[in-house]
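The primary structure of each chain is shown beneath.
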Amino acid sequence: MLLENWRWKIVIAYKDYTSIILNVNGEKRRVVVKPSDTLLRVLREQLGLTGAKPGCENGDCGACTVLLDRKPVKSCMILAVEVADSEITTIEGLNNTEIQEAFYEEGGFQCGYCTSGFLLNTYALLEEKPDASDEEIKEWLQSNLCRCTGYEGIKNAVYSAKKKIKER
Amino acid sequence: MIAYDFEYYRPETYTEAIEIFHEKSKEGKSPIYYCGGTETVTYARKNLVSTGAVIDIKAIPECLEFSEEGDKIIYGAALNLNYIVEKTSFKLMSDVIRKIADHTVRNRLSLGGNICGRLFYREAILPILVTEGVAVIAGKDGVRRVPVLEFFNKRVNLSEGEILLQVEIDKKYTALPYYNERKERQGKIDYPLFHLVAIKVGEQIRFAFSGICPYPFRALGLEKVLNNRIMSIEDRAKYATENLPTNARNDIYASSEFRIYLFEKAVVNALRKLEVENSDSL
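Line by line, the protein sequences are chains F and R.
Each residue of the first sequence is one higher than the one before, starting from 1 at the first, in our numbering.
Each residue of the second sequence is one higher than the one before, starting from 1001 at the first, in our numbering.
If you're looking for bench data, these hints aren't it; they were derived computationally from the structure.
Here the structure is a predicted model, which is why all the values come from computation and not from measurement.
Straight-line distance between alpha carbons at most 20 Å, and here's what the computed SDA-like set of lysine to any residue pairs gives: (1) Lys71(F) with Lys1099(R); (2) Lys1087(R) with Asp69(F); (3) Lys155(F) with Ile1189(R); (4) Lys138(F) with Gly1187(R); (5) Lys28(F) with Ala84(F); (6) Lys71(F) with Glu1086(R); (7) Lys15(F) with Gly1052(R); (8) Lys1188(R) with Glu135(F); (9) Lys1188(R) with Tyr151(F); (10) Lys138(F) with Asn1082(R); (11) Lys1183(R) with Ile1252(R).
Chain F stretches covered by chain R per the calculated footprint, using a threshold of three residues with CB under 8 Å from any CB of chain R: (12) 14-26; (13) 37-49; (14) 54-65; (15) 71-85; (16) 135-142.
We treat Cβ as the ideally placed atom computed from N, Cα and C, and that holds for glycine.
Whole structure, please, built from the sequences with the hints as guidance.
If you want it as structure tokens, here you go:
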């Protein structure tokens, strides 16, 4: 990080390659990035966290979804340098959650490419709103596309996870 | 990935942001202000926007302000749309902006980014147009407050280096009856074929539209006719379709004829709801 003196005030500034620390899945990880590097690319190519997928890289499909301070975001549309202060959660940071169990039991995936995005989005939804209404579930999950399943298994998994979380 | 390099700055005051903008401009870097990044990053990846420096406004306190105290609502330009949907009591605002993009994108998409962006729909401006909100703008010469009908004409009127800090809306509008209709080609997550917003202020109805023309608009001359109760509702809607500020859009989503057909029906619906059903309202 380069801190420039700007009329006697300090401004965060990044030029060329720079070393930053990302807080990923509870661990502080050092990466060397350019300002134009997206979070998706840095997670995959520098940290080996390939769970988030490049689907459209246009903010449409949701395969790149990660959590930023517990909110789902599309990492293909975020610059790595702007999230150095944030808590990032990738699919690799979810372990034995109800939603993962439910997806397995209900057959909520086929090729698996969209699955990490759906899991993180649903995880965030049910953590924030364990009693999410049908309307809210639909609204949140419209952010993710699946070309394989026809969504029935995904939908069943979400409701199953909701039930499991209530029974915690 | 983005195929070119740029510098990144994150100032903590708008004066710093403006100074950096002008400095980078002198260096020939074509700086742009950056907030949610949903448009900038995707456009940069496709080489549709070119810049040597982005200036992130997300650390500027005025841009993050949200307040519903006193007689006005203040929305900071850097607030993401989901934040506004969750927090604001102004139902028309939340109803309009929750239809923009999808839920996950709205966690980053900012109010200012939607209004000032390149994509011509700019639907977040619609409730601000009908409530005659005020844009708070910072530039080299200080801060100015500009009525939205001066600030926005097809797109925002900002001089080089100016930043949209906030939008203010008078609270008196928040309890008024309104009508909001948006039509997509298929599915709810899509650009609108058109988006109509109307609010009843006294006995007059104010209209703003997006998607039907290449820019969102509120046409005061057209509005006068739409409020002329000597004409039938159907005749007024027909007049509206024949007096758009420019030709209706014709693209892969819909032909201009289909857009006009849907638009006419929506204007009838709005007039019926607000003029007839809400005839005893404020």
